[in-house]
Amino acid sequence: MTTTWLHENFEHTGSAFGLRMARKLEEVQSPFQKIEMYESTDWGNVMLIDGAMMVTTRDNFFYHEMMAHAPLFTHADPKDVVIIGGGDCGTLREVLRHPGVRTAVQCDIDEQVTRMAEKYFPELCESNDDPRATVMFDDGIAYMKNAAPESIDVIIVDSTDPVGPAEGLFNRAFYENCLKALRPGGLLVQQSESPLALMNLILDMRQAMKDAGFASFRTLPFPQPCYPTGWWSCTIASKGARDLTAFRKADAAAKPFDTQYYTADIHQGALAMPPMMAKSLGE
1 MTTTWLHENF EHTGSAFGLR MARKLEEVQS PFQKIEMYES TDWGNVMLID GAMMVTTRDN
61 FFYHEMMAHA PLFTHADPKD VVIIGGGDCG TLREVLRHPG VRTAVQCDID EQVTRMAEKY
121 FPELCESNDD PRATVMFDDG IAYMKNAAPE SIDVIIVDST DPVGPAEGLF NRAFYENCLK
181 ALRPGGLLVQ QSESPLALMN LILDMRQAMK DAGFASFRTL PFPQPCYPTG WWSCTIASKG
241 ARDLTAFRKA DAAAKPFDTQ YYTADIHQGA LAMPPMMAKS LGE
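Heads up: the sequence shown begins at 1 in UniProt numbering, then just goes up one per residue.
Under the rule of at most 30 Å between Cα atoms (straight-line distance), these lysine-lysine pairs were calculated in the BS3-like manner: (1) K180 with K79; (2) K210 with K249; (3) K279 with K249; (4) K79 with K249; (5) K119 with K34.
The set of hints was computed from the structure by calculation and includes no laboratory data.
From a predicted model like this one, the values you see are computed outputs, not experimental measurements.
Work out the full structure: start from the sequences and follow the hints.
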């Protein structure tokens with residue numbers, strides 16, 4: 001078998017990440033972006049969107065588990081969840097592991113991402129037919145603008161980088177629509193890139209959330225090897241002031257499902273703010 005190395009260069013961080021590939025599986029150009037699928041020698045299948053690594057079989061659990069379980073165990077009683085983006089369906093699968101969730105809507109603009117995930121990451125899509133799930137392909141910005149007021153408990157923004165189709169998911173207008181759609185005590189969580197290399201993006205995001213009316217914020221770091229610097233984060237914002245370092249620790253410890261990364265202790269540890277982050281975020 002002929003192998004080759006595929007490197008993604010991160011110009012803004014002055015770094016790169018590479019994986020050894022066995023073969024290219026497929027490439028499609030959707031109306032929104034180019035999607036490439038590879039089989040790697042050690043990391044399973046790999047999805048690239050516009051040249052950026054999005055998902056690998058080996059390490060996707062870090063991201064999907066933290067994006068889902070951290071906010072759902074922080075919320076007092078999450079019943080209705082909306083995922084904006086998330087076309088690979090991994091976050092949806094993790095959300096639906098929570099037996100108390102009543103509805104979970106996934107709204108991604110690009111159907112082709114989900115079709116490729118169904119083909120090459122079927123394990124991530126195993127909950128797509130759950131009767132509580134609605135998988136739809138539409139503009140997430142418009143979806144939140146038209147959402148009924150106070151109808152959602154947790155909104156998860158599982159987006160690509162803030163360029164192209166995802167650019168409008170990182171501004172005040174979008175966050176205002178999210179705030180309106182959340183019930184009192186509701187939570188918004190968004191992937192917030194690398195605290196090491198992209199702290200300015202986190203600061204801008206949190207300021208836009210604050211300007212939109214969100215009251216409390218917490219940024220939780222976690223490892224994500226295939227993303228720039230290998231150190232990623234999600235930012236949780238609350239409708240109404242509350243201590244986002246408090247979560248349902250007993251419920252998390254007694255969760256009725258298995259995980260590969262998330263535990264109550266991991267959640268607690270992610271709330272410990274490294275000094276370099278605390279200084280930048282003023283916490």
